[in-house]
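S.K.: One-letter residues, chain by chain:
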Amino acid sequence: MATLTEILSAATSGETPRGWRRAVVDAEGWSRVAAALGAGEGTLMGLWGEPAAVFMAVLDESESAVWILSLNCPEGSFPSVGRVHAPAQRLERTIRDLFGLQPVDAPDRRPWLDHGRWELAQPLAAAPQAPAAEMPPYAFLAAEGPNLHRIPVGPVHAGIIEPGHFRFTVNGEAVVRLEERLGYVHKGIEGLMTGAGLERAARLAARVSGDSTVAYSFAFARAVEAALGIEAPTRAVWLRALMAELERLANHFGDIGAIANDASFSLMLAHCSVLRERVLRVAETCFGHRLMMDRIQPGGVTHDLQADHQGVIRGLIDEARRRFPHLVELYEQTASLKDRTVGTGHLNPALARRFGAGGFVGRASGRGFDCRRSLAYAPYDELLFGAPIVHRGDVNARLWVRVVEVGQSLGLIDQILDGLPEGALTVDSNRLSAAAGEGLALVEGFRGDILVWVRLGEDGTVERCHLRDPSWFQWPLLEAVIDNNIIADFPLCNKSFNCSYSGHDL
Amino acid sequence: MRKLFFESLFRGPLTEPAPPADAGQLAELAERLKGAAQRRIGRSLSIRQVDAGSCNGCELEIHAMNNPFYDLERFGIRFVASPRHADVLLVTGPVTRNMKEALERTYAATPGPKWVVATGDCAADGGCFAGSYAVCGGVAAVLPVDLVIPGCPPTPEKMLAGLLALLETVA
Ligand code: SF4
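Order-wise, the sequence lines are chains A and B.
Residue numbers for the first sequence follow the numbering used here, beginning at 1 and rising by one.
Residue numbers for the second sequence follow the numbering used here, beginning at 1 and rising by one.
These are calculated hints, taken from the structure and not from any lab test.
Any given hint might turn out to be false.
[Claimed, not checked] If the Cβ cut is set under 8 Å, some of the chain A residues that face chain B in the computed set are:
no.	residue
1	TRP20
2	HIS149
3	ILE151
4	PRO152
5	PRO155
6	VAL156
7	GLU180
8	ARG290
9	LEU291
Heads up, the beta-carbon is just placed ideally off N, CA and C, and yes, glycines get one too.
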């Protein structure tokens, strides 16, 4: 059998854009790539639709290259990828819900994001339909055996978290099956993107998942810049990375505290939330917004770092370096806490690889992929940082990767402040004006790789934009890791993944 | 752990003085409630938060109200797990169509007297998601809203000022 690289190279059509490769394939080529993915070659990075075409993003590790393949679907159908490669299934169900394109021979025919409540059925298809009068109740997968019972949870949960439904089947305390049902926070972002001007589209991209707003804006800006064939000024690029690392720090502090809190160790939460708050206040001081929303725009950044703000950030770094090690020590020495995290929620490395799990979920199960390094983009190609890879795959490992990444981000911020070049913050606005093109960007958010693909029309508006959250490939794994754990450990496993609902539901 | 406790003893509290209750919102609430619900529930409020389609940015800042700097509980305001224990529903997001029923049911499960606070620009009127096939366009499209706290997301301080205004008016 031809290797993935051979199949892909044969499919190349036309010019190769910088940083990624593009090909239009026929149904046979599409199926061959699907088969290669199913056989464990390459990694599926995304699968999305348009009214009359489907797209697939594939990472070819041997070449460190991302391919975007498209298949025209004049008949309204395409060969199912999920049939041979499970990670594609929810993505295909979404394509069917939104565009009405049918994945032929797909193993799971149930809708995914469409709960039968929208104003339209197939809302993004060329000709949206009126919704069916009533959608049949969602058919959860069966679990049969003696002494099983089911626990439905959500969409409204007990804490301050996003909505989603979990259907547990348990035998006593042990979870036999968990099935997720998501889509509750579907806002139709990709529908709103279509036809939007750059400014509005950037605003929407920044609100796909609020905790990753910097990473999303960063990815959207880079995708647009790739489409226009321009580059943001170096100072802007460095400031983007500064904001991205501050965002990572804030989220990791929050997560570490929250994981400990889900094992009833609230002391850790209190201390970590102080560090998180410090980061947000520094962000407010330096960039004028606690979450740094809308600070990154196509073409550059909106806020400069004033000279006296360097000291503010250095002060934060010092404080974190002084206090955080005590918290790590506290975690390490609290046996009752580690008793809950060690060995809990084990994610098999083979599964992590197959699903292309990004971020701490992947890195805690032996998958080292990090866009900042694997598909290096500026300024990370000039910065030094390690790659924490752990193989244990449990809650403890996912927490530990975050701990290491905190140190890494502190080091990166140091380097960015030291090397911050002088210069403009944005490109001339006329360079941002109307030009058609297609662009792709991958950016490492705190949770993993965010993929943004955009096609701009002649008038400079967005013709189609797809934003893929890392959670797409992490949510299904959460179902796998909870298997055979006790149900009381679910919150702990869930927090250690901390998938985004909004980023997934779009 | 001992070291950490010891350090905390000498570090002094991080908790900051409360922001004044938002004057504008006080007036707005007084007008809206017309004293009807005054002093029915004593000096405390139990809040059930409902995410009705937010981007999760608002949730981050709601969480922040619980950190040692803002320490919401010192005012007698606390988050509860069940709507059956709640006086206030703190709702975020543009209310997606997929969440509409869950929000209505949560409201129905909350005993009266009850108040609905729409938090964030999305909850106010759908924000930048207004007009989508998948959203209702703000909490008021589904439930009677007593107070709107604008912002994207509102800062913890703004939220606190709004909640204090509510506390002052109804409790
Ligand atoms: S108001 Fe802003 S932060 Fe809050 S949910 Fe809406 S977009 Fe997110």
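S.K.: Please check whether PRO155/A passes as an interface residue: C-beta within 8 Å of a C-beta belonging to chain B.
M.R.: This hint holds: PRO155/A lies near chain B, its Cβ roughly 5 Å from the closest one there, short of 8 Å.
S.K.: Under 8 Å is the threshold here; is the Cβ of PRO152/A close enough to any Cβ of chain B for the hint to stand?
M.R.: violated, 12 Å
S.K.: Does HIS149/A hold up as a contact with chain B if the rule is Cβ-Cβ below 8 Å?
M.R.: Hint violated; HIS149/A Cβ to chain B Cβ min 21 Å, cut 8 Å.
S.K.: At a threshold of 8 Å, is the proposed contact between VAL156/A and chain B supported by beta-carbon distances?
M.R.: Cβ of VAL156/A sits 5 Å from chain B, so the hint holds.
S.K.: Quick check on the hint: ARG290/A CB to chain B CB, less than 8 Å?
M.R.: holds, 6 Å
S.K.: For the hint on TRP20/A, just tell me whether its beta-carbon gets within less than 8 Å of chain B.
M.R.: violated, 27 Å
S.K.: Let me know if the C-beta of LEU291/A comes in closer than 8 Å to any C-beta of chain B, holds or violated.
M.R.: Given a least distance of 6 Å, the restraint on LEU291/A holds.
S.K.: Going by Cβ atoms only, is ILE151/A closer than 8 Å to chain B?
M.R.: Hint on ILE151/A: violated, closest Cβ of chain B at ~16 Å, above 8 Å.
S.K.: Holds or violated: is there a CB of chain B closer than 8 Å to the CB of GLU180/A?
M.R.: violated, 14 Å
Of the numbered hints given earlier, the model fails hints 1, 2, 3, 4 and 7; all others are met.
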